[in-house]
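Input sequences plus hints: build the corresponding full structure.
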Amino acid sequence: MAAPVTRLTIRGVIARKWRIFLTILAVVSGVAFVSGAFVLTDSVKKSINDVFATLSEGIDIEVRTSIAFGDEATAERDPVSVDVIDVVAAIDGVRLAEGNLLRAATVIKSDGEPLRTSGPAFGIAWVGPDGLDGRTIVEGRPAAGPSEVTLDKSSARRAGYEVGDTVTIVGPAGKGDFVLVGLNGTGKTTNGGGASIAAFDPVTANEFLGAENMVDSIYVAIDEGADRDAVMAAIDAALPDGLEVITGEQSAEETAGAINDIIDIFGNVLLGFAAVSLFVSAFLIFNTFAIIVSQRLRELALLRAVGASARQIRTMIIGEALVVSVIATLLGILAGMGVAKGIVAIFNAAGAAFPSASLIVSPRTVIASTVVGVGVTVAAAIVPALRAARIPPVAAMRPELGFNSLQKNKRLVVGSITTGIGLVLFSIGVFGQPGGTSGTLGLSAVGAILLFLGIASLSTTVAAPASRVISRVLPLPFRPMTRSVPGRLGSRNAQRTPRRTASTASALMIGLALVSTVSVVASSVQASFKEQLQGSVTADFFVSNGPGNFQGLPVAFSERLSELPELSAVSPFRAATAQVNGDTKQIGAVRGSAFGQLVDIDLTSGSVESLDDGKILLHRDPARDYAVQVGDTLSILWLNGTEQQIEVGGIYDDATIAGNWLVGLSTLQAVSTATPTDFFIGAKIADGVDIEDARAAVEEVALDFPSAEVQDQAEFQQSQEDQLNQLLIIIYGLLIISIAIAVLGIANTMALSVFERTREFGLLRAVGMSKRDLKRSIRWEAVIVAVFGASLGIIVGIPLGLAVTTALPSTFITTTVVPVNTIIVILIASIIVGVVAAMPARRAARLNVLDAISTH
Amino acid sequence: MTSLSTAAAGAIDAFKIYGKDDSEVRALDGVTVTFASGKFTAIMGPSGSGKSTLMHCLAGLDSLTSGSITIGDTNLATLNDKELTLTRRSNVGFIFQAYNLIPTLTALENITLPLDLGGTPVDQQWLDTVVDAVGLRSRLNHRPSELSGGQQQRVAVARALASKPRIIFADEPTGNLDSRMGTEILTFMRHAVTDLGQTIVMVTHDPVAASYADRVIFLADGKIVDELDNPTADQVLDRMKRLGS
Ligand SMILES: Nc1ncnc2c1ncn2[C@@H]1O[C@H](COP(=O)(O)OP(=O)(O)O)[C@@H](O)[C@H]1O
Ligand SMILES: [Mg+2]
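Protein chains in written order, with the working numbering: chain A, 1 to 856; chain B, 1001 to 1245.
No lab work stands behind these hints, which were simulated from the structure alone.
One thing to keep in mind: the hints can contain errors.
[What the hints assert, rightly or not] Straight-line distance between alpha carbons at most 35 Å, and here's what the computed DSBU-like set of lysine-lysine pairs gives:
hint: 1; chain 1: B; residue 1: K1082; chain 2: B; residue 2: K1020
hint: 2; chain 1: B; residue 1: K1223; chain 2: B; residue 2: K1164
hint: 3; chain 1: B; residue 1: K1039; chain 2: B; residue 2: K1223
hint: 4; chain 1: B; residue 1: K1082; chain 2: A; residue 2: K410
hint: 5; chain 1: A; residue 1: K341; chain 2: A; residue 2: K17
hint: 6; chain 1: A; residue 1: K17; chain 2: B; residue 2: K1082
hint: 7; chain 1: A; residue 1: K109; chain 2: A; residue 2: K585
hint: 8; chain 1: A; residue 1: K410; chain 2: B; residue 2: K1020
hint: 9; chain 1: A; residue 1: K684; chain 2: A; residue 2: K585
[As the list claims (entries may be wrong)] Just a few of them, taken from the derived set where beta-carbon distance is under 8 Å, the chain B residues facing chain A:
hint: 10; residue: H1056
hint: 11; residue: K1082
hint: 12; residue: P1103
hint: 13; residue: T1104
hint: 14; residue: L1117
hint: 15; residue: G1118
Just so it is clear, CB atoms sit at the ideal spot from N, CA and C, and this is done for glycine as well.
Structure (structure tokens):
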């Protein structure tokens, strides 16, 4: 039974291989993102985990301070006193105990510029290869004494140093010159996974890294044959309060896990790309199969006539989709490996130095890619397959009886209902925001999908009149087109199969609706952000670490700036994690006496100076949520377990820079011994000092902190906006991909319908139409379809964007902007899209006239 | 009344009405007819007289407005789409005027298609008989696009015969062929009835083609207006002229 259907299916695919080529391409691109996301995350994670596993191979046990709440892996822990090392070393079964110390330290390259890394820049204490840290020496020897250092080999090479050179390094406490006595490797690799690592002997490290006889944690190795659990228990019993004991494996896992989370973000962005491109591809697939089915009307009817059941026809069409999808999925998985390799290469070119990983294609990757690739393709082919199965056998002789397709009225009803449900779900998702972020995203995504499907179905009804209008309005600048025969033909052809025009345009509609939505939201956020920044920044200078550097500035920087007579007010901005009445929050710490002159937070009650008296300031939203006013107290639990009752010293309206919670620097310093770093430093010029002089003074201090970047007000605002723009570039990139697929879709439909009209074109050529005119008519048709899709997209996208803007909290959005320029660009781009998409179809014009009319 | 048990197919009071009210067309206007097993019947009539409609309804490709169609002992009106499909597959064979073959299948695969669709094993001996009879032995592995029009029609005839259906319907099977090829096909159809015991109903407007039949039925305006047994071409032409005037 299956045999003839299988045969028909496979022959069907082969016979139409060129017609389904673009479809395969579309599926491939979607699947490539899925598999690329998984291959990338799996491979990079594996290589990073390997690095950490190598590093911690010799570590059986780790001792560190415990935290009161929150994420074990990323918590900023208080350090441990070096005295504890001796306590641990004295315990039975402990073979070796050593301090683990790691602080920010930047290598200055041989040309005097700081070495930029994609990962962090660290200085560490290292006892050498005999110790517990799994680093190796690939050249030279370990550092010993106050003037020696070793660097990881890849950083040394990038910085232009060789063993024997003198290296300048900037640590938390200042600058130092060291002789490079050796190069480090990690396991098989010679780099630190994008980080730069300078290793000193423990005494030098303690001094230079400003550790003040503290270490981050203690690594322990046990005697051969000792019972680890027993040793751990013994250590635990001997430790002072506030310290904890974990296994080496757990420690490595946590460290790697924190990095893995970051890698997962990359993966999720790629999966987002995948989702959008697959959704758009689904329309392309649907279209291809719908067109192929209608082109095969007689063949399918003949099959029905000679005894194929409706089910066999259905199976055959779905089988064709299955074959297409399997081919596309396989190619997609391969392409995904290319995507992963490409991304690693791009990052490495930017200095990431990912450990050279072999690509890992896990079973999960194959399964997910297959489910997605096959699922989407087959799902999109279901409706055409059902339609094919409804072809009456009599159509074999009377093709005009072909399709009794969905009635116009019925389609209107179904389309309206789908659109309605989509709108309702989207609104609930955006405005009601049930179930937090995932609920909001999920509901509005499902809503948007339904909305798009509904509009796609409704657009069939308006496709013909809209095409007519577009063909009248569009050529106004080049009037002669409408009157010409090619112009008329192109326009009539766009109107002739409204269903095809509509579903072809739909793919473009979705891409452009997303672009419109995002650009409304983005321009509004941007405009609002700019407005807020302008209203709130009063500092003359901002100092922060360069872009992409999340490590923060050493506190010494702000201390030295405070001493400058050219500046009247200086405050760092530091951050800490704490629980407020049981909820985990990020809390900023600033100097109360200065902050008020640097940032205008629109204080509505209390005073900024009260921060220095150990009070807390908060934004009006949390003030409302916690129902507190100035004078009330809040219970704050710090990460290290210290609990405080803190009085509210003020409430403010503008959280753009300050965030929702502020405490004084003194409050944070009193409670935590963790090494502080500053996000940024704000400074105000003293009265009567020239801005150039002030800047020169600040820049002079900055020479000792090479990673720091000094910005004036305008530069600071620009850099903040640039950061926002970078995010937008990712989003626009995502949308460009969906539009590219939509272009494929239009090209595909045009090529298919041209194929279908071979005889018609032959006739036109026979009665004297020139090749040029024929091409023009095809191009014109494609342009009309593209402009139709773009218009729909804009009409749908802008209200969605406005809805999202309205739903965003007022702290985010203060002005709403409809980006007219973007919309004009979209419309012009869609004309180009049409012209480009018509290219493959233009082959038709090259047909030999006789061949064309004799084709069956 | 002996015909009932030996009837391959028949229509009783068949009406097929297209459109409504003013634009109503009675394509079949009360047709009652039986087709005896083992006979070759031709249906003739002017263009638009309802020949194709009658044939489509008889073959279960289309349904009547009222009346009934039987194939063998089965009343088609009682069947659902699935049962109709099975009936077409095993009891009915078709030869159309054109576009008879699936372009992606070889000649042999086209011939055995109805059998394959039903999962029925191919009767190799019968298949050989049919293939040799239509003289296609050397062309079996060719695609339709590699065959001439006449060869394509022969493949269609072979396909119609392959499943040994109760009845074969042919709608102007020679309409697209030159007279030499037409003769070839008609000779073979005659042979299939006489020597292989098949039943064939053929729509045609060619008196010469009709003369190959055992019996000719004349249709006009959806009604049977005349019939003729063992016709010659001249007799048929004569009747047609009378009907036309
Ligand atoms: N689907 C249809 N809709 C409306 N009228 C039809 C349809 N099919 C056939 N007819 C009409 O029915 C009549 C009989 O047609 P047909 O059976 O094709 O005639 P013949 O095959 O004898 O030329 C003609 O008048 C034709 O116009
Ligand atoms: Mg006819």
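Do the hints match the structure? See the list:
In summary, the hint linking K1082 (chain B) to K1020 (chain B) is supported, as the alpha carbons are separated by about 29 Å, within the 35 Å threshold. Between K1223 (chain B) and K1164 (chain B), the direct Cα distance comes to roughly 30 Å. Compliance with the 35 Å bound is thereby established for this hinted pair. Straight-line distance between C-alpha atoms of K1039 (chain B) and K1223 (chain B) comes to about 22 Å, which keeps the hinted pair within the 35 Å bound. As the CA atoms of K1082 (chain B) and K410 (chain A) are separated by approximately 26 Å, the hinted pair is consistent with the 35 Å bound.
Restraint check for K341 (chain A) and K17 (chain A): the C-alpha separation of about 29 Å stays at or below 35 Å, so the hint holds. Straight-line distance between C-alpha atoms of K17 (chain A) and K1082 (chain B) comes to about 31 Å, which keeps the hinted pair within the 35 Å bound. For a cut-off of 35 Å, the pair hint linking K109 (chain A) to K585 (chain A) is broken: about 39 Å separates their Cα positions. Taking the CA atoms of K410 (chain A) and K1020 (chain B), the gap is about 23 Å. The hint holds against a cut of 35 Å.
Restraint check for K684 (chain A) and K585 (chain A): the C-alpha separation of about 29 Å stays at or below 35 Å, so the hint holds. Interface restraint check for H1056 (chain B): the shortest CB-CB distance to chain A comes to about 5 Å, inside 8 Å, so the restraint holds. The interface hint given for K1082 (chain B) is met, as the beta carbon of that residue sits about 6 Å from the closest beta carbon of chain A, less than 8 Å. Look at P1103 (chain B): its Cβ gets to within about 7 Å of chain A, closer than 8 Å, so that hint holds up.
For T1104 (chain B), the interface hint holds, the least distance from its beta-carbon to any beta-carbon of chain A being 4 Å, beneath 8 Å. For L1117 (chain B), the suggested interface contact is upheld, since its CB lies about 5 Å from the closest CB of chain A, less than 8 Å. Using the Cβ-Cβ criterion of 8 Å, the hint placing G1118 (chain B) at the interface with chain A is satisfied: the shortest such distance is roughly 6 Å.
Violated hints amount to a single one, hint 7; each of the other numbered hints is respected by the structure.
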